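Asker: Residue strings, one per chain:
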Amino acid sequence: MLSISRDTFLKDLLIWFLLSVILASLFAAGVSEVADNYFSQAVAGLMGEVGEYDLLFQVRTDLQDVAVSQIKKVIKEKLPGSIVKKGVNVAGKTAVFVGLDARYRTKDVYSDLDLYFQDITGNVGFTIMTEPRLTLSGMPGRVIDLFIREAEAVPGVKFAFKDGGRVAVLLESIRDRERVQKDLRRIIDQYEILEVTFPSGFEVENPVEAGRALAQLLAGKDGISYIRDVTAGESASDEQALLITISEIKRFLLSYAGQVEITPAAGSRLLEGDLLALEGRESNRALRAGGALGAEDVIVKVTSDQGRNGKKQGLIIQGDASQISESRAFLVEEKNKVGREAATVVVNSPKDKLDKTLTDSIELLQRLHGLEDISVEGGGVFTAAKTLQAALRDADQLLSGSGLSGAREVAEFSHLIEGIGGQLQTMADTLARLSYFENRLNDAIAGLEGAQVLTRLGLIPPLQGDLARKVQVLDGELGRLAEKLRVRARILDDFINDFNPLVQTLLSWKARSMELAAQVDTIQKALTGQSPTGNVLAELSGLTAESLARMEELDLEGLEKEYAGFITGLEELKSINAAGIVDELKTVKSSLPKLRDEEIGRAISWLDNYLGGETGSRSKIRLFVNSGYRREGPLQTVRGFFGSNQVGLHALPAAEVESDVRNELTQLLQEVKGVIAAITVIILGVLFFLLDQTPVMAVFHYLDLVAPHPTECRREAGVFHDIWAKFGLRENLWRRLLPWLYSLVLGSLWSWLTFLFSGAQIPYVNGAYFLFAGGLLGLFFFMTANRFHQLNLDEVIAGTSLGLSFTVIMREIVIPAGRPGLLQFLNRRKMVMK
Amino acid sequence: MRTVEMASDTGSTVSPILKIEGLKKSYKRKTILRGIDLSLLPGETVVLMGPSGCGKSTLVRCINRLTEPDEGRIFYEGRDLTRLPAGELLETRKRIGYVFQHFNLIRRLNVLDNVVFALRMQGMPIAEAEKAGIEALADVGLADRTRDFPEELSGGEQQRVGIARALAMEPALMLWDEPTAALDPILVGEVLEVMERIVRSGKTTMLIVTHEVGFARRAADRIILLAGGEIVEEGTPAEVFSRPKSEIGEKYKKLLKA
Ligand SMILES: Nc1ncnc2c1ncn2[C@@H]1O[C@H](COP(=O)(O)OP(=O)(O)O)[C@@H](O)[C@H]1O
Ligand SMILES: [Mg+2]
Numbered sequence: 001m002l003s004i005s006r007d008t009f010l011k012d013l014l015i016w017f018l019l020s021v022i023l024a025s026l027f028a029a030g031v032s033e034v035a036d037n038y039f040s041q042a043v044a045g046l047m048g049e050v051g052e053y054d055l056l057f058q059v060r061t062d063l064q065d066v067a068v069s070q071i072k073k074v075i076k077e078k079l080p081g082s083i084v085k086k087g088v089n090v091a092g093k094t095a096v097f098v099g100l101d102a103r104y105r106t107k108d109v110y111s112d113l114d115l116y117f118q119d120i121t122g123n124v125g126f127t128i129m130t131e132p133r134l135t136l137s138g139m140p141g142r143v144i145d146l147f148i149r150e151a152e153a154v155p156g157v158k159f160a161f162k163d164g165g166r167v168a169v170l171l172e173s174i175r176d177r178e179r180v181q182k183d184l185r186r187i188i189d190q191y192e193i194l195e196v197t198f199p200s201g202f203e204v205e206n207p208v209e210a211g212r213a214l215a216q217l218l219a220g221k222d223g224i225s226y227i228r229d230v231t232a233g234e235s236a237s238d239e240q241a242l243l244i245t246i247s248e249i250k251r252f253l254l255s256y257a258g259q260v261e262i263t264p265a266a267g268s269r270l271l272e273g274d275l276l277a278l279e280g281r282e283s284n285r286a287l288r289a290g291g292a293l294g295a296e297d298v299i300v301k302v303t304s305d306q307g308r309n310g311k312k313q314g315l316i317i318q319g320d321a322s323q324i325s326e327s328r329a330f331l332v333e334e335k336n337k338v339g340r341e342a343a344t345v346v347v348n349s350p351k352d353k354l355d356k357t358l359t360d361s362i363e364l365l366q367r368l369h370g371l372e373d374i375s376v377e378g379g380g381v382f383t384a385a386k387t388l389q390a391a392l393r394d395a396d397q398l399l400s401g402s403g404l405s406g407a408r409e410v411a412e413f414s415h416l417i418e419g420i421g422g423q424l425q426t427m428a429d430t431l432a433r434l435s436y437f438e439n440r441l442n443d444a445i446a447g448l449e450g451a452q453v454l455t456r457l458g459l460i461p462p463l464q465g466d467l468a469r470k471v472q473v474l475d476g477e478l479g480r481l482a483e484k485l486r487v488r489a490r491i492l493d494d495f496i497n498d499f500n501p502l503v504q505t506l507l508s509w510k511a512r513s514m515e516l517a518a519q520v521d522t523i524q525k526a527l528t529g530q531s532p533t534g535n536v537l538a539e540l541s542g543l544t545a546e547s548l549a550r551m552e553e554l555d556l557e558g559l560e561k562e563y564a565g566f567i568t569g570l571e572e573l574k575s576i577n578a579a580g581i582v583d584e585l586k587t588v589k590s591s592l593p594k595l596r597d598e599e600i601g602r603a604i605s606w607l608d609n610y611l612g613g614e615t616g617s618r619s620k621i622r623l624f625v626n627s628g629y630r631r632e633g634p635l636q637t638v639r640g641f642f643g644s645n646q647v648g649l650h651a652l653p654a655a656e657v658e659s660d661v662r663n664e665l666t667q668l669l670q671e672v673k674g675v676i677a678a679i680t681v682i683i684l685g686v687l688f689f690l691l692d693q694t695p696v697m698a699v700f701h702y703l704d705l706v707a708p709h710p711t712e713c714r715r716e717a718g719v720f721h722d723i724w725a726k727f728g729l730r731e732n733l734w735r736r737l738l739p740w741l742y743s744l745v746l747g748s749l750w751s752w753l754t755f756l757f758s759g760a761q762i763p764y765v766n767g768a769y770f771l772f773a774g775g776l777l778g779l780f781f782f783m784t785a786n787r788f789h790q791l792n793l794d795e796v797i798a799g800t801s802l803g804l805s806f807t808v809i810m811r812e813i814v815i816p817a818g819r820p821g822l823l824q825f826l827n828r829r830k831m832v833m834k
Numbered sequence: 001m002r003t004v005e006m007a008s009d010t011g012s013t014v015s016p017i018l019k020i021e022g023l024k025k026s027y028k029r030k031t032i033l034r035g036i037d038l039s040l041l042p043g044e045t046v047v048l049m050g051p052s053g054c055g056k057s058t059l060v061r062c063i064n065r066l067t068e069p070d071e072g073r074i075f076y077e078g079r080d081l082t083r084l085p086a087g088e089l090l091e092t093r094k095r096i097g098y099v100f101q102h103f104n105l106i107r108r109l110n111v112l113d114n115v116v117f118a119l120r121m122q123g124m125p126i127a128e129a130e131k132a133g134i135e136a137l138a139d140v141g142l143a144d145r146t147r148d149f150p151e152e153l154s155g156g157e158q159q160r161v162g163i164a165r166a167l168a169m170e171p172a173l174m175l176w177d178e179p180t181a182a183l184d185p186i187l188v189g190e191v192l193e194v195m196e197r198i199v200r201s202g203k204t205t206m207l208i209v210t211h212e213v214g215f216a217r218r219a220a221d222r223i224i225l226l227a228g229g230e231i232v233e234e235g236t237p238a239e240v241f242s243r244p245k246s247e248i249g250e251k252y253k254k255l256l257k258a
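As given, the protein sequences belong to chains A and B, one line each in that order.
In terms of this note's numbering, the first sequence opens at residue 1 and continues consecutively.
In terms of this note's numbering, the second sequence opens at residue 1 and continues consecutively.
Keep in mind the hints are simulated off the structure, nothing from the lab.
Keep in mind it's a predicted model, so treat the numbers as computed, not measured.
Some clues are possibly wrong.
What the simulated footprint calls covered on chain B by chain A, stretch by stretch (three residues with Cβ under 8 Å from a Cβ of chain A suffice, anywhere in the stretch; the number is not a length) [as the list claims (entries may be wrong)]:
#1 117–126
#2 206–212
#3 231–239
Taking lysine to any residue pairs in the SDA-like style, the calculated list, with each CA pair at most 25 Å apart, reads [what the hints assert, rightly or not]:
#4 B:Lys24 - A:Asp704
#5 A:Lys86 - A:Ser40
#6 A:Lys834 - B:Lys24
#7 A:Lys386 - A:Leu502
#8 A:Lys834 - B:Asp144
#9 B:Lys19 - A:Trp740
#10 B:Lys24 - B:Gly72
#11 A:Lys830 - B:Met124
#12 A:Lys834 - B:Arg145
#13 A:Lys830 - B:Glu196
#14 B:Lys28 - A:Trp740
Heads up, the beta-carbon is just placed ideally off N, CA and C, and yes, glycines get one too.
Use the sequences and the hints to build the structure in full.
Answerer: As structure tokens, then:
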């Protein structure tokens, strides 16, 4: 009866089985494919095609137009060629996508994105969604640099950067993902986080101290070759506002702190996080390789790898920019040890600049009232010049007329020159003073311009309310003042430039004349009554004539007029409310944080840690170590340290690798697809079994009727007969189990195969579960078959009494009386009595 | 009708068509048949009577193994049915006609198809099968109802179709399990009439379970009374109904008088 080649109902069942499995698989696969397509399109609509967008802004829906236009402006200025697209509105926020132009997909740009988009109105925050990307997360903030470094060494990684408290790893190609993911896992596996656990009630006074001390204790022992104390705890709250404020503070501090441009020495490679030492001004001993680091030396931390042409950026974390005396920088090794010379640095301290500028401006503005003196003094130049002119004419006349023929004339000439000397000195002094004033004026202009630039950059904190408005007013006034002063300075400059050569000529004339006059006097005294030598006189007269000619060249009248203009200009300046501006500047100056670079640097590091999800409070003692150490050793050390055997040491994974959003979504969709297929398989399974198998199973409840089994055979079935009999099992056990087995195996195989072929998938549920569940389903249907299929037993009995075979009974009586389904459909071909 | 002597084991000249030896049947812990011995000679009409639930149906069903007996042997034409392999059992069943209390017609088939169904399944050509079918239907007086469906017939007509279905197979032995019990009293007559005709034709051996005492007295060669899982009395209708030996026999005697 089991022969497949014969045309029996069992063969019908086998064909049904194969066909129903194929149909159900195809249908389930089709349904899931359609669903997948639909969802994929939805995702693409939601977040663009792969690699289309790089940034996702969440802006307040009510401010979306402003935000978008601002984003566009930033893009036009900083990232031309990039695209902006508005996405969906969800819960009062609008998604705005930005696709960066390919040339901006660099580490530099990604590191600066925060700065670019800091002032977008209504921006709640943005996410970097560049693909293909993997993310390392869950690591302590202090080892983020380490992971960035290691990740970037993996082939196929374009670059890695810090994205919040995580490390974003951008890949060259999506094809590398699996491999890079594996490599990243391998990197992560090289490390572990050891967390110290305490019995309840055990108090550690200062976890941060304890962590540091433990790190020192454990280092180098029991196979621990790498250890970093990462105790400075966990995020206490994730209040968005706080984070934004802190980012803002960090941004200010960063632009305010001493920024150090580092040029690595030839052959030296500097990495982010490296420390450099610079000799401090107050340090009493010179820095040298192998020496110790002094408290007065300045320490710079390398913060960015991405300076232009090999240069790097740094931050002062010990000392102050003003303390640096030398540009040579040495690497800091371990604790307080100076390593090789590694770089030269240029310090740019916006803080110092700002301070100096403000000081200069205030000083100048306070002196504006003293300008009257200058004008009077300036006027003196003209008096002096006129006196000099007259004196020169006299001298010329004296020389060209009678000449210095006698002692009287010589004495007269000497007197004349001495008289000029006084005037000449006055004039030179005045010019020098004017020149000094001009310099001050230029300084002031530079200062005002600088102050203006700084106010514009928003560097003067805290830019809030009234002060912000004042600074804006100040900005305007500084500009106007600077412009006026510039005009004055130019006039003064011209004036001085005109006068100066004349004064020089006159001064040399005077010196030479004095000399020559003295000679004439001496000769006369020696050779009484004799006239001075002709050539001396000739020279004297020549010089005087030349000086006079120069003097006449000078357009004294014009200059005087011009100077008068300058003076009235100065008068005008006085109308400016200098005092008011001075007050504002003083306020600004006094409100500047009085911080040393090291304080700023440390604050930035701390903020970084905070932004990386860490604060100092309520911390657990955690140590970041290499894996592969000997387990028991550190535990003993830690227990010894705390003096308690209850203290435990818990090893945690150093970090985790996450896929990008799309990949996660894709995976999720893959799962959804699998689940949809699985649900379809289940529904189809129920349907197929309900329609097609319940009649068969209902008949199997009367197996003896349709498939008679001789009594005697049963009796002779074997030694078990008696045992079965004892339990009331008179019939052959195998026969009794057969329908159950049929249902179980059919259900299992059907579900399992359909599950396999349709690509169905349920998370955490593998095919074996379907074998199991399908078996249960089969058994369930066998047990309840009579409820789902009203078997007409009378007809079956009639058929049996007529000597019809099982196959005929099924084909002609049972199946046609059942529900329309695949089996009934197939059966129609086999039916004789149509 | 033929008179047959009760076959003594040695003296019989005609071998019985059906011989049951020591038939036992229990359901769960309840014993229904306690060892039945029974023989039917070819052409003999035996009426089996007994109170409800005494095991009459069980006995009849055991004969063609619609119910599997627990113990005992059933010889049909000399072959032990209880040991027959499935294939041969089916062949044997075809030659044992069975008429059910509830007719057991196939609802999806019309009258003629119900009758020719088994013939067709044997591979008989349609025309030949239908000819035989129409003949059988004519025998029960339903030649004009061939295209009707069972639910369009009255109970008596349905039962006559059931009889025609059995007759069409030209059985050597016919088993009747209370063929009139489910019928409206008015309709009982037409069925009994057909039955009597078949009996009189003498073509088949009949084992009839019925409560129709009148019919039994008229048609039976032998009456067997079953009670408590055992045969309590056996004899010609005259013997059983006029001088009953058993309690149950007395009841039928009274029933007949009334
Ligand atoms: N399949 C069965 N399972 C259990 N008990 C049964 C079954 N068939 C019949 N019986 C019981 O066997 C007894 C005899 O039944 P049956 O042979 O139908 O009696 P009757 O003489 O009325 O035809 C009854 O008590 C009935 O309940
Ligand atoms: Mg009965």
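Asker: For each hint, tell me whether it holds in the structure or not.
Answerer: Hint-by-hint comparison with the structure:
| no. | hint | result |
| --- | --- | --- |
| 1 | 117–126 | holds (count 4) |
| 2 | 206–212 | violated (count 0) |
| 3 | 231–239 | violated (count 0) |
| 4 | B:Lys24 - A:Asp704 | holds, 18 Å |
| 5 | A:Lys86 - A:Ser40 | holds, 19 Å |
| 6 | A:Lys834 - B:Lys24 | violated, 41 Å |
| 7 | A:Lys386 - A:Leu502 | holds, 13 Å |
| 8 | A:Lys834 - B:Asp144 | holds, 21 Å |
| 9 | B:Lys19 - A:Trp740 | violated, 37 Å |
| 10 | B:Lys24 - B:Gly72 | holds, 6 Å |
| 11 | A:Lys830 - B:Met124 | holds, 17 Å |
| 12 | A:Lys834 - B:Arg145 | holds, 19 Å |
| 13 | A:Lys830 - B:Glu196 | violated, 40 Å |
| 14 | B:Lys28 - A:Trp740 | holds, 21 Å |
Going through the hint list in order, the structure does not satisfy hints 2, 3, 6, 9 and 13.
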